[in-house]
Amino acid sequence: MMLKRFAIVLASVALLGGALVFGGCAKSEKSFPKRDITIVVPFGAGGGTDQVARVLGDLVDKAIEPAVVIVNKTGGGGAVGLTEVSKAQPDGYTLVLMTSNISTLKWTGHSKLTYKDFEPIVAVNYDAPALIVKADSPWKSYEDFAKTAKERTMRVATGAPGGLWQAGALALAKRAGLQLNIVPEEQGGAPAAVKLLGGHVEAIVVPPNEAASQIESKQFRVLGVMAPDRNPLAPDAPTFKELGLDLDIRSVRGFLAPKGTPTEVIKTLEELFKTAWNSKEYQAYMKKTGSNAIWMGTQEYISHLTSEYEKYHALLKETGLAKE
Amino acid sequence: METAWSLLISIFGRPEVWFYTLLGTIGGIVVGAIPGLTATMAVAVLIPFTFRLEPLVGLATLCGIYIGGIYGGSISAVLWRIPGTPSSAFTTLDGYPMAVRGEAGRAISISTTSSFIGGLVSIIFLIVTAPFIVKVALRFSEPEFFAIAVWGLASVADVSGKKLIYGLISAVFGVFLGTIGLDPMTGAPRFTFGLENLQSGLEFVPIMIGLFGLSEVLNEMGRTETGQRVTQKIGNLLPTWEDVKRIWRTWVRGTLIGIWVGVLPGATGGAMGSLMAYNAEKQVSKHPEEFGKGAPEGIAASESANNATVGGSLVPLLTLGIPGDTITALMIGAFMMHNLRPGPLLYEQNPQLVYGIYGSLILAHFFFLILGLAAARTFARVLNIPRPILLALIVTFCTLGSYAVSNDVFNIVIMALFGIIGFIMERIEMPVTPMLIGLVLGPMAESSLRTALKMYEGDVSVLFTRPFSLFFWVLTAAMLIIPRIQQVKAKRQAAAVKN
Chain F
920 MMLKRFAIVL
930 ASVALLGGAL
940 VFGGCAKSEK
950 SFPKRDITIV
960 VPFGAGGGTD
970 QVARVLGDLV
980 DKAIEPAVVI
990 VNKTGGGGAV
1000 GLTEVSKAQP
1010 DGYTLVLMTS
1020 NISTLKWTGH
1030 SKLTYKDFEP
1040 IVAVNYDAPA
1050 LIVKADSPWK
1060 SYEDFAKTAK
1070 ERTMRVATGA
1080 PGGLWQAGAL
1090 ALAKRAGLQL
1100 NIVPEEQGGA
1110 PAAVKLLGGH
1120 VEAIVVPPNE
1130 AASQIESKQF
1140 RVLGVMAPDR
1150 NPLAPDAPTF
1160 KELGLDLDIR
1170 SVRGFLAPKG
1180 TPTEVIKTLE
1190 ELFKTAWNSK
1200 EYQAYMKKTG
1210 SNAIWMGTQE
1220 YISHLTSEYE
1230 KYHALLKETG
1240 LAKE
Chain P
3 METAWSLLIS
13 IFGRPEVWFY
23 TLLGTIGGIV
33 VGAIPGLTAT
43 MAVAVLIPFT
53 FRLEPLVGLA
63 TLCGIYIGGI
73 YGGSISAVLW
83 RIPGTPSSAF
93 TTLDGYPMAV
103 RGEAGRAISI
113 STTSSFIGGL
123 VSIIFLIVTA
133 PFIVKVALRF
143 SEPEFFAIAV
153 WGLASVADVS
163 GKKLIYGLIS
173 AVFGVFLGTI
183 GLDPMTGAPR
193 FTFGLENLQS
203 GLEFVPIMIG
213 LFGLSEVLNE
223 MGRTETGQRV
233 TQKIGNLLPT
243 WEDVKRIWRT
253 WVRGTLIGIW
263 VGVLPGATGG
273 AMGSLMAYNA
283 EKQVSKHPEE
293 FGKGAPEGIA
303 ASESANNATV
313 GGSLVPLLTL
323 GIPGDTITAL
333 MIGAFMMHNL
343 RPGPLLYEQN
353 PQLVYGIYGS
363 LILAHFFFLI
373 LGLAAARTFA
383 RVLNIPRPIL
393 LALIVTFCTL
403 GSYAVSNDVF
413 NIVIMALFGI
423 IGFIMERIEM
433 PVTPMLIGLV
443 LGPMAESSLR
453 TALKMYEGDV
463 SVLFTRPFSL
473 FFWVLTAAML
483 IIPRIQQVKA
493 KRQAAAVKN
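Protein chains in written order, with our numbering: chain F, 920 to 1243; chain P, 3 to 501.
Be careful, since some hints might not be right.
[What the hints assert, rightly or not] Calculated lysine to aspartate or glutamate pairs in the EDC-like style (CA-CA distance at most 20 angstroms, straight line):
#	chain 1	residue 1	chain 2	residue 2
1	F	Lys953	F	Glu984
2	F	Lys1207	P	Glu350
3	P	Lys137	F	Glu1135
4	F	Lys1186	F	Asp1010
5	F	Lys1035	F	Glu1219
6	F	Lys1053	F	Asp1155
7	F	Lys1006	P	Asp410
8	F	Lys1093	P	Glu459
9	F	Lys1242	P	Asp185
10	F	Lys1137	F	Asp1063
11	F	Lys1031	P	Asp185
12	F	Lys1066	F	Asp1165
13	P	Lys456	F	Glu1105
14	F	Lys1193	F	Glu984
15	F	Lys1093	F	Glu1161
16	P	Lys137	F	Asp1055
17	F	Lys1178	F	Glu1219
18	F	Lys1069	P	Glu459
19	F	Lys981	F	Glu1189
20	P	Lys295	P	Glu428
21	F	Lys1137	P	Glu350
22	F	Lys1199	P	Glu56
23	F	Lys1230	F	Asp1167
24	F	Lys1066	F	Glu1161
25	F	Lys1031	F	Glu1227
26	F	Lys992	P	Asp410
27	F	Lys1207	P	Glu56
Derived by calculation from the structure, the hints in this document are not laboratory data.
Whenever a hint applies, use it, and build me the whole structure from the sequences.
Encoded structure:
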């Protein structure tokens, strides 16, 4: 009797032990991601960054078993969302999609964080400001505009104060020697486009996708783009490089993880995002919105952020927007 | 016009449009009615779910949510004194006192019909006159916005009640609260105390929930008498003929003001529309002292205006592709996700879609009218829940709603703080409305003045010589001077009678 009991107990313990051992094996076979990934968007729902996060997040969600969840945490030009992710667990389950504001927030005094506090993963697109006028205005090209701007002060609206579009406008005025009265617009590009439409300003310096509707319907004309590539919405508009001016004011969007996230996790994420980036849906979406799709793998993104950090510091100092 | 008609008819023939618009409207009403969850949140949260649907159906759902949400806010405003959305903040002022008197059903039916009329008329305006209205709206720029803001701020004197000095303190406090955040022209942080959460300023929703909702809970808790329940008079579904005779002119004024505020591109939405309409109504009323105590005109003005801003905001969205308020900004995102861009080309390339949207907008209004009126009795019965349970529920919703604004505990703290502030303000009889006016219009006045001066390089005359801004200055002057003249006349008459 005792022996039978003892045998039963021994068998159950053996089974249990085996289950635990083999159960553990099965678990370790399934690697990252094991649970839902959260992407923090430091800007408002429906805006440019939010949309990119949702499009790519949706594509990655379809490719993995767990879900991809988008959360908006707005404020401070991206500072609030950035801070939140910098404090998150470095396990790859909390990421942030950030613009080039990561390279300006420290200099404008809005945050103490920089790219050094994160592990960059990949960069997926960029927006760059362009000089835009009304189609029925007398300026058919940048040269026309520059000629007038050297004779008298012109009224130009741009994006948020302390932001990259304003920096671009100020840099244009400085480097090309133009007399521009630059009016920042707290709410960003869309109200600036309205000002141009109503004839309250003579030009605007914003990314083309913030005035997309009017560019498409040919009410606006793009005179120059501050980027190395032309813009899909206005393929006939030259870049400022082609016009002979050094103006490259790209706001690059990329995913970042908290500092200390393991390299294998970053690599897995890089691959997941690469597949999503290469998809037809994403490429078509980028074209439709007038944004420039670029790809930077992890190493490329890190070196881009390193140089961007110094470059934008110099830009902000040059345009008087830097606080340090 | 013929193709327009046939397009509309064909839209009404599609059952999916009816079904999803209804679904959206119900969803919007529920979320709007839950205190703390706003129409903006409803749209933001539900937008991704609409991506799977066909564009017309997805956008129809969003329209339903938008319209249902703006209407739904009035329900909790009347029943619990918590505006369900910022647009209903001014409905609480007269809706809640009416409910306390036992006339919750009357309050709800007035607010439902006002919302319906304001909203439907604004949609008709949208369909018929959009391209024309928008041309006029584009002539408005910072100088005009400044004049409008000053007009609104000047009305503080009239809504202050007996103690003018208290009203002024309240207004100045509101303006001060509006300065917290980043400077609109230089981006320099003001009063942020190094807190990142304050860099974008204080959120309106937690302040509103705390000021109205939590303070009322504190108030109720302070009451030692228990069980003072006024039985709700549940009568007719529709407003009575006497009420209609009183408020039909309010409907006209409120709707026009709401449409106009909505059309102005930028962050002008239901809150500002209802504020302006409420103020205007109080100024032209023969019984201004009734406002704030349960005047039907107060409810009618606020609700017709806030729903009218919906149609107004859709004008710049659909004709120019530019958002008229926060929700329409979100909707641009929705359009983009369906690979469509709102704007002049949309009318040309995709007229069925545009008319489909018009159709669902119209449907949504009829849906909420029927639902709201039919459910008025049920809504009113909510007030019969035992007070302790009701108060606990309200506090729960207040907390959840404040959290939901930014997924952050910070806003719960703000809500609690303003709950206490609201409670204190009421104890010392300091009016709350001027503070709200200051909070909403202060930032608008500041940024528009500074931007205008920057645009015109310090030329102050620009503010006064442009025709539209001049109009608002004259209005402000009239508003300040005429009552004083009337007072002087009345004094002279009284003196003459004595002799």
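Structure-based check of each hint:
no., hint, in the structure
1, Lys953/F to Glu984/F, "holds (8 angstroms)"
2, Lys1207/F to Glu350/P, "holds (17 angstroms)"
3, Lys137/P to Glu1135/F, "holds (19 angstroms)"
4, Lys1186/F to Asp1010/F, "holds (13 angstroms)"
5, Lys1035/F to Glu1219/F, "holds (15 angstroms)"
6, Lys1053/F to Asp1155/F, "holds (16 angstroms)"
7, Lys1006/F to Asp410/P, "holds (14 angstroms)"
8, Lys1093/F to Glu459/P, "holds (19 angstroms)"
9, Lys1242/F to Asp185/P, "holds (14 angstroms)"
10, Lys1137/F to Asp1063/F, "holds (19 angstroms)"
11, Lys1031/F to Asp185/P, "holds (19 angstroms)"
12, Lys1066/F to Asp1165/F, "holds (18 angstroms)"
13, Lys456/P to Glu1105/F, "holds (13 angstroms)"
14, Lys1193/F to Glu984/F, "holds (17 angstroms)"
15, Lys1093/F to Glu1161/F, "holds (18 angstroms)"
16, Lys137/P to Asp1055/F, "holds (16 angstroms)"
17, Lys1178/F to Glu1219/F, "holds (17 angstroms)"
18, Lys1069/F to Glu459/P, "holds (17 angstroms)"
19, Lys981/F to Glu1189/F, "holds (16 angstroms)"
20, Lys295/P to Glu428/P, "holds (14 angstroms)"
21, Lys1137/F to Glu350/P, "holds (14 angstroms)"
22, Lys1199/F to Glu56/P, "holds (19 angstroms)"
23, Lys1230/F to Asp1167/F, "holds (10 angstroms)"
24, Lys1066/F to Glu1161/F, "holds (18 angstroms)"
25, Lys1031/F to Glu1227/F, "holds (16 angstroms)"
26, Lys992/F to Asp410/P, "holds (8 angstroms)"
27, Lys1207/F to Glu56/P, "holds (18 angstroms)"
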